Amino acid sequence: MKAIVHLIRTDFILELRNRTALFGLVLYVVSSLYVGYQAYGGRVDQAGWGALYWVVALFGAVQAALRSFHHEAGKRFTYYYWLVRPQDVVVAKMIYNALILIAIHALQLSLFTLWFGWPVEQAAVFAAGLVLGLLGTSLVLTLTGAIATKSGGNPTLMAVLSFPLLLPQLLIISKIMALTYLNDAAHLALPLLGALAGFCVVSCALAYLLFPYLWRD
Amino acid sequence: MRILKFAGVILVMYSIIWGLLGAVPRLPILNETIRNLYFHVTMWFTMIALLTASLVHSIRVLRTPTAGSADLAADSAARIAMVFASLGLVTGMLWARFTWGAFWVNDPKLNGTAVTMLVYLAYFILRGSVDDTQKRARLAAVYNIFAYVMMMVFIGVLPRLTDSLHPGNGGNPGFGGYDLDSNMRMVFYPAVIGWIFIGFWMLNLRIRIQQLRAHHES
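Sequence order for the protein chains is A and B.
For the first sequence, this note's numbering puts the final residue at 217, and the numbers step up evenly by one.
For the second sequence, this note's numbering puts the final residue at 1218, and the numbers step up evenly by one.
Isolated chain B (complex conformation) (with noise of 0.2 Å):
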């Protein structure tokens, strides 16, 4: 955990210099907040990184039940997952606002956002609604396996069917297509990896504060 948190802000701190003075191509429309992509696209690749992480340990739930931190960990890792979704989505937005004109548009990549947004918040809403910890936990844990699941379809499927404004989808190329060239993936790379371990050493925070915090008060 020490090595991984250290990586974790030296590869962000290097993503954030390098992604603000390192040369980027010069594209119409885009310009420079092409360079968003440092900041906007790795949101979504922690967030999907931790939520995988909640639905390991939401399977570890079922399968041993009597594995005690399992539970804790799997909600705090949906927890810091939704953290970095609204920094996805903020980013997003502005970005959205200087391209496409306007803060929301009607799109696959956003509608499936909507949808995880909103299924976590109903996991939430599911734990704080029953008070048995060890029937919340095994109730959570099924909700979660199966929302995880169903989410991937959709992200995986629907953008394939339909067009997108985002690249990769719908007849536009994808990042590698255009617009990702080697002076920038010497960037986004390191930030993708940077701020995935920046995300697992908050997750490991969240869990040590609630064990403390379950610790003093029994």
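Chain A on its own, in the form it takes in the complex (with noise of 0.2 Å):
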């Protein structure tokens, strides 16, 4: 647990000192998201701002966990070998990928309002859904991360890999979308999201049981 936290706070600094990374993902959202904006010529119907909206968070996630492993790619996962258990290593990384990922979505969100409008009526469900949706997300990106690093870390490798497994969770997460602009609807997202809540709990199991056999060289 205290690995654990060490980990995400190691991250976290680095994160700081290095900021262009940062700030290239940030970039590449709001950029994707005017993009958008004008091919949309800013007026989007309910199913477009949804489909939009995921399209841009799905893209900007894969690009958030291509660099998850970066730091750890050369000598650093030799280092780590020696310190700490593999299993803290993919816990840390996931909770620090979800974090990013959160944080981003505010300032994602806010863009979107504010270019887009908000069609929401249900904000609590688009809450929960765009929570665990991320969640789940980073999840499976973590992993199909640690992967694509492993074997040389080709960024199309990443998307070929993670593409087909988030499609499930689009699936579901639309379907919630599609619910949360009528007014009462929000006992019909609850089965949907306990899926979502499902997928997480697999993906990260399936995680910290193979991460190790990842790890070693």
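Hint data in this document are derived by calculation from the structure and do not stem from the laboratory.
Incorrect hints may have been included.
Once the Cα atoms are required to be at most 30 Å apart in a straight line, the calculated DSBU-like pairs of lysine-lysine come out as [to be verified]:
1. A/175 x B/1109
2. A/150 x A/75
3. A/150 x A/2
4. A/75 x B/1109
5. A/75 x A/2
6. B/1135 x A/150
Since the structure is predicted, the reported quantities are computational estimates derived from the model, not experimental observations.
Using the hints, put the two chains back together into the complex; each one sits in its own frame.
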């Protein structure tokens, strides 16, 4: 537990020391949003709003996860190997990735409301779907990011490995998004939110079990 | 393996003959296309059986890294499974065209198929991009296990949450409900077993060919 907190703090300190990577990510999200704003001419219907939000979110999340093992790619893996358990490393990375994604989404959400409006009626359902969706996405992407880093850090491979695994969650999220525009549909969203939470639990358990095999060389 | 392959051939021959000649219920829209059940659904059963074999071999790779043929077996099983997935997709698209009116519809089962095929194509890409054999075996095994479990959760969960045109999902009754009568069962179950045997025979052949090739090169 102490090791996990330490690892997360180390990641934050490294991130703050080298802010270029973080700002690159922020700029990536902002510019893709602005491209979307221009492409849609500033007017989107409800279905388009949710679709655009999650397309930008997905690509942003892949970019974020791509950097997550960047520091460890070289000698640091070997250094950590002597200090901490691999399970601690993967849990720390998953928490860190989820925190970064949620922070970025605070920005993305405000820019989205500024440029595309706010058609959501069920803010609580939207918030729950957003947090669970981002958590699930970052859990899957942490493990695929580790695989991609270990196989040479090819960015295409990262997208190829993770998109099909994220598709199920995106399908559930798009169903939740469709419900957030309705007034009295909160009870319909509960089983979908449960399914998202289930995906989170399964992918977390798998990453915890499988990461030690990825780690050693 | 000898018994497996002869039993497979006999069962599949039986299912082709009785699948085309046997009595089937007369149902609106489905009509004679109901016979495609013997050839379409069996492909998916075989694919799942082979993917499960691939999973077992991937677990073997991680548990005992010295098991020489486990990685080859996991790779081969996934490849043969994708052959059956392609056949299941083609037979399903033809069936969909004649019953639902289009080759492709937005249906949870079809999404599950798309995810499965994309995941295993990604698995082959991953294998292709690592040169070191030990490392490739380990990375591919981790991805295979992760992908298989996520895929099973998806296939198991999502059709229950949404409507589907397929029988057995979202308000549509299952096979047993109205269309699979006892005549059809007598053909369908042997066909499933027969195709699974054929699938494992193909797997065995591929593993042996690859081993011979490796032996020849060394």
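Numbers of unmet hints, in rising order: Hint 4 alone not satisfied by this model.
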